[in-house]
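Q: Order-wise, the sequence lines are chains A and B. Residues 16 to 289 in the working numbering are what the first sequence lists, from first letter to last. Residues 1022 to 1333 in the working numbering are what the second sequence lists, from first letter to last.
Think of the hints as simulated: they come from the structure by calculation, not from any bench. Just so you know, not all the hints are guaranteed correct.
Stated by the list, open to error - Keeping only pairs whose Cα atoms sit at most 20 Å apart, straight-line, the calculated SDA-like set for lysine to any residue is:
1) B/K1158 with B/F1148
2) B/K1225 with A/A102
3) B/K1225 with A/G53
4) A/K44 with A/N30
5) A/K86 with A/V245
6) B/K1200 with A/P136
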Amino acid sequence: MSAGNGTGRPLLAVNNIEVIYDHVILVLKGVSLRVPEGGIVALLGANGAGKSTTLKAISGLLRTERGDVTKGTVEWRGAPIHREGAADVVRHGIVQVMEGRHVFEHLTVDENLLTGAYTRPGGDALRRDLDLVYTYFPRLTQRRHVRAGYISGGEQQMLAIGRALMARPRLMLLDEPSMGLAPMLVAEIFDIVARLNREENVAVLLAEQNATIALKYAQYGYVMESGRVVLDGDARTISDNEDIKEFYLGLTGVGQRKSYRDVKHYRRRKRWLS
Amino acid sequence: MIDVLQHVVVGPFRDIGSNPAFFGEVVIGGILAGMLYSLVALGFVLIFKASGVFNFAQGVMVLFAALTLVGLLERGLPVAAAFVVTAAVMIALAFVIERVVLRPLVNQEHIILFMATIGLNFFLEGFGEMLWGANVKKLDVGIPDRSFMMAGMQVNQLELSAGVIAAVIVAILAVFFQKTRIGRALRAVADDHEAALSIGIPLKTIWVVVWSVAGLVAIVAGVMWGAKSGVQFSLSLIALKALPVLILGGFESVAGAILGGLIIGVGEKIGEVYWGPLVGGAIENWFAYVLALAFLLVRPQGLFGEKIIERV
Ligand SMILES: Nc1ncnc2c1ncn2[C@@H]1O[C@H](COP(=O)(O)OP(=O)(O)O)[C@@H](O)[C@H]1O
Ligand SMILES: [Mg+2]
Chain A
16 MSAGNGTGRP LLAVNNIEVI YDHVILVLKG VSLRVPEGGI VALLGANGAG KSTTLKAISG
76 LLRTERGDVT KGTVEWRGAP IHREGAADVV RHGIVQVMEG RHVFEHLTVD ENLLTGAYTR
136 PGGDALRRDL DLVYTYFPRL TQRRHVRAGY ISGGEQQMLA IGRALMARPR LMLLDEPSMG
196 LAPMLVAEIF DIVARLNREE NVAVLLAEQN ATIALKYAQY GYVMESGRVV LDGDARTISD
256 NEDIKEFYLG LTGVGQRKSY RDVKHYRRRK RWLS
Chain B
1022 MIDVLQHVVV GPFRDIGSNP AFFGEVVIGG ILAGMLYSLV ALGFVLIFKA SGVFNFAQGV
1082 MVLFAALTLV GLLERGLPVA AAFVVTAAVM IALAFVIERV VLRPLVNQEH IILFMATIGL
1142 NFFLEGFGEM LWGANVKKLD VGIPDRSFMM AGMQVNQLEL SAGVIAAVIV AILAVFFQKT
1202 RIGRALRAVA DDHEAALSIG IPLKTIWVVV WSVAGLVAIV AGVMWGAKSG VQFSLSLIAL
1262 KALPVLILGG FESVAGAILG GLIIGVGEKI GEVYWGPLVG GAIENWFAYV LALAFLLVRP
1322 QGLFGEKIIE RV
């Protein structure tokens, strides 16, 4: 699989990694991808394809789920990081925003954000960043002193992204930020992410089942299926290709998800014919 | 029949009413004893919240801390120096426990970690006795075990100092948890340890911190108890009193541990003094467990069991 995304040394390079859970369950079977400095890269695929596992292999969160990178490497600006612990990876400038948001429910919005800056020294810079997060996510401002468990799902997603931002990352790994949110809200959140990318120079690796929206914001995309990258290319190329959409992303021409069963049938038939 | 009721229901209250100053003394005594239970329970809660480990060895940590302190005092160290060294020992112990017990067992089932703390319990018991001997020791930290009159009540100076110190410790801990960076990180880990990890909070550091804090709290509890009734093996048994406190207060609530300890301390003293004679005494020994059992039946999450936040 080619990984021809940008030229020169990428910010992040995942080279042919294999991931095994619990010493026996082989989940990633040789995944490669690249994220260039300041880029937005989409990682697409159906539920169970291995998107979250790929992100966790990068962030080091895999180990808390008894997963291991058994082959291949993950390189950050050319240096291997796949043996490092999650806290060290954050210090390098990579922060993962986990699927399902995972805000600290019993901490206030303010406290959640401050916790995000754990790896940094306190002081004025931190105060400034706190204000900065609130300017990007004005909705959170009125909720500052509310416990995060009581804010809406969309606000929690914003909080999770804002909290990650407090660590001053160079690369954000976003895992299904659109999940369970109304389309309007999804658009609002993606717009903010795009602004963060432009204005704060934060590169983004975006895992999404919602390919339509992800490809609208990304420059480059990878499509995964059962633990492998089955194709990659410019976002435009992927989204213009009807076959790809139907075959791998389960999207019909109007951009709506087909039912799982339809896709399954279709896939089976194609395989059988070929 | 009427007679029995009269004895059980009316009599004790009449006694309370007829001598309020004495009642005050009983309550104060109860609060002071209860603070000890609170401190021990607090050690449990901290460790449970931050690492999900039910620390069976908490009681022995109290004994170990007290033994270390007495041992150092016996070897002629000044009181202040002995406290500093004991604190250093408890912090060192936290590092060792993280490295030797928690780190190798990370991601294991809770029951395995629980069993590891049972092992730790026996190790500390043996190690403490090996270092400092097994006989009962007197602990003298320089506060006289005398009583004085206050608002018409007899108050024991040692108990009062102990109570004030416990209250100060609790206040310091509260500020530490609410206001400091590490305190916030501790609460974050207690809420969602994977999310905490995802923003770079190192769990190892957090574990060392909570076990250190639990160790320091154990020193205070050990000293307070030891000064009252000597440092001996039975000290580790106050952990058994902490269990009903935890059931009452909820395993995850710092406020619950404190209040639960006070309720049990005061309740058992009042029960013992006013109702004890009716049943031949020893209410103090079982009151806590009966109360805990009643609680398990009506409110199993405890007084302040963490609210599970349900969003709509
Ligand atoms: N902790 C785990 N232990 C074992 N198998 C897992 C674990 N997490 C995920 N898997 C399996 O790995 C595969 C990929 O999962 P995941 O990376 O979550 O996919 P995606 O994020 O694309 O939905 C799935 O088949 C899933 O069942
Ligand atoms: Mg996923």
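Q: Compare the structure with each hint and give your call.
A: Going down the list of hints, with the structure as the test:
Among the hinted pairs, B/K1158 with B/F1148 is consistent with the structure: their alpha-carbon atoms are about 17 Å apart, no more than 20 Å. Under the criterion of a C-alpha separation no larger than 20 Å, the hint pairing B/K1225 with A/A102 is consistent with the structure, at around 10 Å. Taking the CA atoms of B/K1225 and A/G53, the gap is about 33 Å. The hint is violated against a cut of 20 Å. Proposed proximity of A/K44 and A/N30 is supported: the alpha carbons are some 11 Å apart, at most 20 Å.
Proposed proximity of A/K86 and A/V245 is supported: the alpha carbons are some 19 Å apart, at most 20 Å. Proximity of B/K1200 to A/P136 is assessed by CA-CA distance (about 15 Å); at most 20 Å being required, the pair is judged to hold.
Consistency with the previously given hints fails for number 3 only.
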